Amino acid sequence: MIPKFLKKRIFKAPVSTDRTSETDAGPIVTKPYSNAPINQLYRKLSGQLLDVAVKPKLLGELPDFDSDDQVLRFYVLQDYSRSNSILIDLQTQEHNLPPALVGVNDAAHNIKENAAIIFLNHPHAKDNQLSPRLSRLVSAVLQYPELKVRLVPVSILWGRAPEKEDSLFKLLTADNWQDPSISKQLFNIGVMGRDTFVQFHPPQDLRTIINDSLKGESAGPNVFDSVSENSGAKKSTALDSQDTESATTDNDVKTDAEISPSYTLVAAADGNRELVRMLQQQLTIYLDKQRASMLGPDLSDRRNLVDKLVYSPAIKHAIELEAAEKGTSVRDARSQARGYANEMVNDYSHSIIRGFYKFLTWLWTQLYDGVEVHHFERVRDLATDYELIYVPCHRSHVDYLLLSYVIYKRGLSIPYIAAGDNLDVPVLGPLLRGAVAFYIRRSFRGNALYTAVLREYMHTLITRNTPIEYFIEGGRSRSGRLLPPKMGMLAMTVHSQLRQTNKPVVFIPTYIGYERIMEGGTYIGELKGKPKESESLIGLLKVGRKIERIFGNVHLSFGTPLHLSDFMTKFDVPANSLPSDRTDSPLDEKASAMVDNIGVKVMQHINKAAVITPVSLLSLVLLSAPKAALDENSCREQIALYQGLAQQLPYADDTVITDMTPQEIIDYGIKLKLIERTPHILGDIIQVAGKQAALLSYFRNNILHVFILLSFLSALVARNGRIKRSRLDSIAEQLYPFLQGELFLYYPAHGLAETLNKKVDSLLSHGLIVELGDDTLSVPESNSKCYQQLQVLATPVGQSLERYFMTLALLAQQGSGNLTESEVVDLCHLLGQRLSVLYADDIPDFFDRALFTSFISALTRLDYLQKDDETGILTFDHRINDIASHAKYVLTPDMMQILQQVASLNEEEITHAITEIGNKKQRKFGRKR
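Numbering of the sequence shown is given in my numbering, commencing with residue 47 and proceeding in unit increments.
Since the hints were made in silico from the structure, they are not lab data. Treat the hints with caution; some may be incorrect.
Each pair of labels, with its calculated beta carbon distance range [unchecked claim]:
{"#": "1", "residue 1": "K804", "residue 2": "D915", "range": "39 to 49 Å"}
{"#": "2", "residue 1": "N388", "residue 2": "H958", "range": "27 to 37 Å"}
{"#": "3", "residue 1": "K673", "residue 2": "P696", "range": "29 to 39 Å"}
Within a straight-line C-alpha distance of at most 30 Å, the following computed DSS-like cross-link-like pairs (lysine-lysine) qualify [unchecked claim]:
{"#": "4", "residue 1": "K616", "residue 2": "K804"}
{"#": "5", "residue 1": "K372", "residue 2": "K362"}
{"#": "6", "residue 1": "K335", "residue 2": "K101"}
{"#": "7", "residue 1": "K532", "residue 2": "K673"}
These figures come from a predicted structure and were not determined experimentally. Note that CB positions come from ideal geometry on N, CA and C, so glycine has one too.
Please put together the full structure from these sequences, using the hints given.
Structure, rendered in C-alpha cells:
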C-alpha cells in the first residue's frame, strides 16, 4: 500500500509539444522491433533455429482479447532471456495472438516501444531494479485517462522437475527454484526443448491494478484474481512460471535500456517509483505463485525428510511416550518410528512421472475413446493460494493414474496420493512410490506411534503446500454407489490445519465415471461372496490383457470446492487451536462434529458433480424394464424422457448430461457390447447383452441419486393409482432420511417439501402423472405411453425400499434386544442373497453389506434404534413397525409377502447362520494374516 504522502506526489510528465495531438492521432501502429535488415534476419534465423530445437506444449487456455484496436497489449516475463522472448514470439505467431517482438507506436499517448514484452528483472534496469518499460507504461496510464493497457503474464518452464538433484545432469536440465545461468538455459534448449511448457495467464488491465493500489485496495498478488480483459469472458488458466531468463534480442536490449531522448514519458518522481515497485512486486509474486502451482514445493531437502520427521518435536514426544508405555529404550522406539517413516514416505522421481505420462498417454488411447474433463478451471483458480486436497470417489485402481494424469497434463503439480499398502507390491509398488504415492496401512488402530508418524508426515506435506489426494471412501466401491466416508485422513487434515495455518485448505470433491470398468467381473464375484484377490504383479499382467477391449469414454468432473475455513466458522472452531509440536492432541467435540459434516458434504458434492453418461442412462432404463428389454422405439422415448427430466430440473449446477441423441446412445451401447438389438418384424428389441445385467447395475448406480426422488414419487402414485399430495409428502418425508443416507442426497430435510413440489410439477409437465383437483394426484390412462413410462420410472427405487422393509421385518420378528448391529447386517446380507437368487435377477448390489450398514446407521442416527455401548445389542420400540407400515404404499402386496417370508427365521436358523458367518470371517481373517 502506498502512503498518502506518496500518493500526492504521483508525477505526470507534461505532454510534449512536438508530438501529434491526440485528436490528430491515428490507430496504434505495431511494427518489427527494428527496421535494420540485419536485425530482421537475426530474428528470423533465431526463430527458425529455436523452432527446430524446442517443441513447447501450451498449457491452459489462450488469453481472450477484445477487438478494441486502441488497446495496447504487453507480455510480462520475469527474467531477461533471448530464448524465452523468441519462444513467446513464436507462440504468439502460432496461435494468432498479438505479436511479441514488434514495436508498439502510439503517438497520441507518446508511447514508442520497440517490443511488446516487459521484463520484470531486466539486466539494464535502473532506479533500484525497476523495469524501465513498466515504469514508462505506468506514467502513461497516469497521464492519459483514456489509455488502455493490458498486461499478459506469461510463464515458461524448461522441464517440470522440482529441485531434488543428485547429479550434474539433473542440475543442468531441471527447472527449479534457482535463477538459471545462460549456460544452463542454453543446455536446457538442447536437452529439455521437447519438455518445455508455455502458459499465457489472463490479461490484466493496468489501470485497474493502479487504481486498486492507489485506493489502498491492493492485497499483494491477489489483485489479479478477478481482473480480466473482458469481465464477462471465461476465465483463462492460471498456471506455472519459472525462474528462467526472458527478454528480446540484442538490439532490443540496447534500445530498451538506452531510452530514446524523444520519449517524454519517464519513470520520475518518488510516487511513481513507489507505485511501479509495488506493481512489479505484485507481478513477480503472481508469477512465482503460478510456478509453484505447477512445480509443487521445493524438494531440496526431501532426502532428509525421514530424519526430519523422526527428530521433529512432535515425533520425539511420541517416541518418549512409546518407550515409556512399552518399556523399551528411546533408541528402539526411534528405530521403530524410522521404520514407519520409511514405510510410508514417498520417493519422488520426475523421470518416473515423465515415464508414466508418456505411457498413460499411449494407454488411454488404447483403452478409451476419450478422457472428458469437466469444471477443471475452478481447480486452477485455487491452485496458487490454497492447499488443495483432492477427494475423489473410488471406482477403480485406474483412478490413481487417471486423476494424476489429468492434473499433470493441465499444468498443475500432481498431488501426493495416500495409497493402501496392499499396492506396495514388487515392481508396481516402487514405481507408484516414485510417482508421489505414499503408502499407509489399511488398519492401524491402537498403534499410537504409527499414527503419530503418519500425522506428522501429513502435517509436513500440508505445511509445505503440497497438494494431496486421498480416497475418502477408504476403498473401491463394488456396487457403483458411494461408500460411507472414512474420516481418518480427513481428521488428520483438519488436525494439521488446527496445529499450524499456512495456506488455507480447500477440498476438491471429484467425480470419476467409467463406461466400462476393468474390475467389473471381480466386483461382481466379491459381492457374491468370493474372497477379494490380493494385488500382485500377476494380477497386473492379467489386467494388461484387457487393453485391446473397448472401454468407451471416462469422465472426471471436479465439484464445487469446500473451504475448510467456512466449516470452521460454522462450527466455531478457532484456527491454531492445537499445539504445533504435538500429534496426539485430540479434536474437541466441535472439531469432531465438523469433520463428520465435511465428510458428508464431500460425498454430496461428488454426487452433485456426477456425469450422466450414455451407458448409465441405458443401464437405468433397461434394468427398470421387465426382463431388461424394450422395443427400440420405447427405449428411445424412455431415454429422451430421462434426459428431459434431468435438463428441466437439474440435480445440481455441476451435474453434466450427455448431449447424445437417444438413437446415438443406443448405438453406442451396442458398440460397447453392453446391449444388443434383436430384429423383429414388429419392431426391433433392445435388451441387455448376455451376463451384462450385473455389470450394468454398477453404472446405473452411478447416477441413481439423480433420479431417485422422481422414482420414489412415481412409485407412490403408480402403486396407489391415486394419492393425496399431503399423504405423498408425509410418506416421502418419513422415508427420505434413509434414501439420503444411502445415496448422499444433498436436499436438506427441512426444505424437502419445496423440493418435492418441484419434482411433482416436473412429472406433471411430462404427463407422467395427472392432477385431478382437490389435491389429488393420479396415474395417466393405463393404455397410454405415459403410463408405461411411469411404471419404468417407478422401478429404480424399489430395491432400496425392499431392503428397508426386509431389515425392518427381521428386526420386528426377532424382537428388541436380541441382535447386535453386525448380526443384523450379516443376516440381511444372507437374506438379500437368497431373495436375489429366488425372486430377482441375481444382481449382487441388492445385497451389498454397505447398504444394510448404511440403513442401520440411519436408524441409529434418527434414534429409531439404540445401541448398547458394551454389548452392541440393538433395542427399539413400536416406531420400527410404524416405518415398516409405509411399505404398503410403495411395494406390491406380493413383494411384501415375499419379504416377510424370507425374513422369517426361527431361533435355530438364526444360531446356525450366525455361527457359519463367524466361521467364514475367521477363515478370511486367517488368510489375510
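Quickly compare the C-alpha distance for K532 and K673 to 30 Å and report which way the hint goes.
violated (37 Å)
Can you tell me whether the CB distance of N388 to H958 sits inside 27 to 37 Å?
violated (48 Å)
Is it true that K804 and D915 lie within 39 to 49 Å of each other by Cβ?
Distance hint for K804, D915 holds at roughly 42 Å.
Falls inside 29 to 39 Å, the C-beta gap from K673 to P696?
For K673 and P696 the Cβ distance comes to about 32 Å; the hint holds.
Agreement of K372 and K362 with the hint, judged by alpha carbon distance not exceeding 30 Å
Since the Cα atoms of K372 and K362 sit roughly 15 Å apart, the hinted pair holds (cutoff 30 Å).
K335 paired with K101 [C-alpha distance capped at 30 Å]:
At roughly 25 Å apart (the allowed maximum being 30 Å), K101 and K335 satisfy the hint.
Would you mind confirming whether the straight-line C-alpha gap from K616 to K804 stays at or under 30 Å?
Since the Cα atoms of K616 and K804 sit roughly 29 Å apart, the hinted pair holds (cutoff 30 Å).
Taken one by one, the earlier hints fail for this structure at numbers 2 and 7, listed in ascending order.
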